[in-house]
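**Student:** Model the full structure from these sequences, guided by the hints.
Quick note: the sequence shown uses my numbering, first residue 483, plus one each step.
None of these hints come from the bench; they were simulated from the model. Among the hints, a few may not be true.
[Stated by the list, open to error] Taking lysine to aspartate or glutamate pairs in the EDC-like style, the calculated list, with each CA pair at most 20 Å apart, reads:
{"#": "1", "residue 1": "K1371", "residue 2": "E1384"}
{"#": "2", "residue 1": "K1146", "residue 2": "D1157"}
{"#": "3", "residue 1": "K1330", "residue 2": "E1318"}
{"#": "4", "residue 1": "K1371", "residue 2": "D1385"}
{"#": "5", "residue 1": "K664", "residue 2": "E649"}
{"#": "6", "residue 1": "K536", "residue 2": "E578"}
{"#": "7", "residue 1": "K1179", "residue 2": "D1136"}
{"#": "8", "residue 1": "K777", "residue 2": "E899"}
{"#": "9", "residue 1": "K777", "residue 2": "E714"}
{"#": "10", "residue 1": "K1371", "residue 2": "D1405"}
{"#": "11", "residue 1": "K664", "residue 2": "E693"}
{"#": "12", "residue 1": "K690", "residue 2": "E674"}
{"#": "13", "residue 1": "K742", "residue 2": "E714"}
{"#": "14", "residue 1": "K1381", "residue 2": "E1393"}
{"#": "15", "residue 1": "K1110", "residue 2": "D1187"}
{"#": "16", "residue 1": "K1319", "residue 2": "E1335"}
{"#": "17", "residue 1": "K1067", "residue 2": "E1010"}
{"#": "18", "residue 1": "K777", "residue 2": "E826"}
{"#": "19", "residue 1": "K696", "residue 2": "E649"}
{"#": "20", "residue 1": "K1371", "residue 2": "E1361"}
{"#": "21", "residue 1": "K1184", "residue 2": "D1113"}
{"#": "22", "residue 1": "K696", "residue 2": "E746"}
{"#": "23", "residue 1": "K664", "residue 2": "E674"}
{"#": "24", "residue 1": "K1155", "residue 2": "D1113"}
{"#": "25", "residue 1": "K1120", "residue 2": "D1185"}
{"#": "26", "residue 1": "K1301", "residue 2": "E1318"}
{"#": "27", "residue 1": "K1067", "residue 2": "E1104"}
{"#": "28", "residue 1": "K1184", "residue 2": "E1104"}
{"#": "29", "residue 1": "K1308", "residue 2": "E1318"}
{"#": "30", "residue 1": "K536", "residue 2": "E559"}
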Amino acid sequence: MDFFSKGYSALVGEGKNLQQTPELTIQKLTDRVSASTLIEDRRAAVLGLKGLAKEYKRIVGEEALDPLLSLLQEEYEDPSLIKSILETINNLITTEEYDNPKEISLWHAKVIVEVGYDFYYSISLTKPNLVNDEHIARLLALIGDSDFYIKYNALQQLGILFAHSGEALISKILVSPVGVGKLVDLLSDTTEIIRNEGVQLLILMTEKNSEIQKILAFENTFEILFSIIIEEGGVGGNIIVQDCLQLLYNLLGFNISNQKYFRETSCIQRLPDLLFFDPSENDITGYGTQDSGWKDQHARNILVVLEIIRMLVQHGNTDTFINQKSMQTCGMVSPLLQHALSLEAPSTVRAQSLAAVGDIIRSNSENQNIFQRILISASPDYDEHDHEGASTTPVKVLPEPAILVISRIAVGSCPPELNEESYHLVRSAATYLIKCYLENNPDAQLAISATFNPPPTDDILEGNESQQSVGSLLVSVMTLPVKQPTISDTLRICNALSLFSLLVHLNEDCKMLALKVIVENYNGSDCELLLALLRQAISISKNLSPNSEAQDSSQSVLLCSQYLSTLSLWLYNCPPCVTCFLKDKDASNFLIENISRPVSKGFLLQGISSFLFGVVYEFNSEPNTSVKNSDLHLILNKRLGVDHLLLNLSRLNDSNEIHNVFSKDSFDSSNQKLDLNTLKIGYSFAVLFRSHINQLKSTIRKDPDSIAVHSTPVVNSPKTFEPEENSKKENQSNKKKSSKKSSNGTSEETVSKSKYDELNALLLAKTNELSTTLEKLENMSVSNKKNKNKNKNNNSNSNNDNDNSKVDDLNKEISELKKLNSDLEKKLESSNSEIEKLNNQISEDKNKFITLESNFSEKEKSLTEQLSSANTKISSLEEQITTLSAENKAKKSSDPGIKDLEDKIIELEKEQEDLLVLLADQDASCKSYRKQLREKGVDIPPSDVEDDDEDLED
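**Tutor:** Written out as structure tokens, the structure reads:
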């Protein structure tokens, strides 16, 4: 040993070699790594390179990386040497701040992983390098070694290589027979550090690669991860629980096969156990500024669990309905509501819990009905807090429906112990939950709409939200004073308007129920709800004027746009609502002012007001309306301009506000900062605007008479119109079948009915005129008789002549009216006959369709039977072929004579080939002998073979 130590000291720089360069030292150490036969020499050389690797990373990589990789492949006996090699390579590929150049670690990693990579030139060469696959296989073998340091350094090296060249490393691991299995074994390692490093590595590898996700899922990874989470204390554990949950999320994310396997192995039933968490049982400090038992780590753990739940029931996935049913049956909603209603829980946890409940019940009628029956019992100190500490007898609190409690969170006042900056996230999530409950649930929409009127004033205190129903709470919040609204009031009003818009959107019954609501003591007098919302918008618009003292115009724009959007949804396809809207004298002036507003002061209000004006113009068909369509037509052409109105609609249609609404179909808690710009347009208004803008543009160009005639067939009823996002797959197939059956007859039928209505209206008008003229005639005849009696002795001839002329005129008019009446009756009879013909034709078409459908079903059955019989025949023939081939093989193997003959034939063929080779050699030797003899002067006649060769040459 002394000899080697002296030699090493001389090599690294003692005596005369004290001034040698680092390049020379590294080169000598590299030569010793490659050429030395003793383990001690190689170990000393590797340790020397390890010490120089950080300072002279590029030189060591150029000279020693390949020898180190080769030595790692050869060495199996000395653990300390293997450990030193791994540490040296790790130093070469680890990025440091003082690296020169900065990419040197990346180059070294690519040399190891990517085939034929030259780090000096930073390019990939065409010459293959087989060391790469061997080194990755060696690392996978070393992570299963019994030595801790070897396993740890090999695992670290895999992580560093993945950070530099992830996809290439995963491809090599997938090719390895035991690659993924070795990584899964790390999760069951007894050493906690190795297990945690393995989890971290698998998290990185499963973020984007679906192949490794599938392999890991079928390696029993789900069960192993759940056992680790439970062993570490569930969501109340440390950061390893978060890592395991994150790995579980990566395995399930955007991987339908893994999600099915997760559900089929009953892993969904294990998620509720993770949600039951009581922070008071843990000896920990408070969460943030609140006096609670929540740690930041606990919140992060449970947030990952909630993300997993929401991912499994994400709207639009193929297995969402099945996962929703599984979560409902396993009791997932109860712990979610506990976290959502806990004031001590962080706002992000509460918001995600509410959103998860919404995803579980969204568009699922069974789950929505179960949620409707949930009752929540609040503790006595939930709503009342005794700050003085006096002992009071607990007040018995009656249980309340969950939807009512969630509605108070969405539109109610902020609790005094919380701040609005963090509470807005909980409000948004509660609003999302209510929307999910109302989606495709008309019964729930009607139930809430029936509670718009508040309870009797004797039983309720003013401003007491706990005594109000869901509908009355929405009405009271929508009619709050808006002169100087706070952020809290703005959010409450926006959420209430959003929920109210969802109720009145394409639901005629809800619209009519809301139209009957009277807001008591609104600005000192009782007022209809529709007019109250209009006056709210008018009051807010005053804050947008240049002379207003209000400073926060963004809140005013937000509230005004929300009120206008809600009114547009309410008035759409509802002429009684339009009539009520036009009762207010300021309605038309308010819309004109907003439409004429400069673009710099709000194109959003311009567009929404233009849309509302178009809706009013289109559906103002009530006879008792205070403002006729002719007046609106004059305003449109004289004061506003059709082109200006169409420009406003196009500008709003192309705006980012409309586009962003459709990109946010689900609740997102990633952005915790309050942004009022994202609340200016609701989803319901965006759907109506996009679906109706083209029809509205064509309506604006028409005159009032054409609108009155043609508007009725165009309007969609709430039963026939459904947005794409809210329609179910089952309804789509039924719609296709029904459209095929009745597409031929419905259009003709609606046109004929409209003609019938027109003729009937004309007939009634003419009969009324006729009756009035008859009454006039009778009155005149009576007066004529009186005049005759009075003026017998006077000169009455002239008067009689005048009366007679008037009577003649009236008789003529009566005859004309009778003719017109007869003509109208004839037209009515002809239209009735046409209607009967059309009905007969429709019935015939229906019968034909039924017969065709029955024939088609019979032919389909026969074809399926023929296909099944053909498939059975094919399968039987294939079985016969396989049996015959097997029998032939068996016969050949069982008969020894056949085998002997085949062996003899093979031997004879080999002998024949050998004879042919010998003959060819003999001919060649004969030719050479003849040639030699001729050269020596011997006269030898030419043979037949030589003649043939000469002929071939010629």
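**Student:** For a C-alpha distance cap of 20 Å, please report whether K1371 and E1361 respect it.
**Tutor:** Holds, because 15 Å separates the two Cα atoms, which is no more than 20 Å.
**Student:** If you draw a straight line from the CA of K664 to the CA of E674, is it 20 Å or shorter?
**Tutor:** Roughly 16 Å between the alpha carbons, so the hint for K664 and E674 holds.
**Student:** Hinted pair, alpha-carbon criterion (20 Å max): K536, E578. Please report holds or violated.
**Tutor:** Since the Cα atoms of K536 and E578 sit roughly 8 Å apart, the hinted pair holds (cutoff 20 Å).
**Student:** Next pair to validate is K1067 with E1010; report whether the Cα-Cα distance is within 20 Å.
**Tutor:** Holds: K1067 and E1010 sit about 14 Å apart, inside 20 Å.
**Student:** Within 20 Å, alpha carbon to alpha carbon, are K1179 and D1136?
**Tutor:** holds (15 Å)
**Student:** Is the Cα-Cα distance between K1371 and E1384 20 Å or less?
**Tutor:** holds (14 Å)
**Student:** Given the hint that K777 pairs with E899, does the C-alpha gap stay at or below 20 Å?
**Tutor:** holds (19 Å)
**Student:** Holds or violated: are the alpha carbons of K1371 and D1385 at most 20 Å from each other?
**Tutor:** The hint holds at about 17 Å.
**Student:** Under the criterion that the straight-line Cα-Cα distance not exceed 20 Å, is the pair K1371, D1405 satisfied?
**Tutor:** Answer violated: K1371 to D1405 is near 45 Å, above 20 Å.
**Student:** Tell me if the straight-line CA distance from K664 to E693 falls inside 20 Å.
**Tutor:** holds (16 Å)
**Student:** Hint check: K1155 vs D1113, CA-CA at most 20 Å. Holds or violated?
**Tutor:** violated (47 Å)
**Student:** Given the hinted pair K664 and E649, is their alpha-carbon gap at most 20 Å?
**Tutor:** Status holds; Cα separation ~18 Å.
Violated hints, listed in ascending order, are 10, 12, 13, 16, 24, 26, 30; each of the other numbered hints is respected by the structure.
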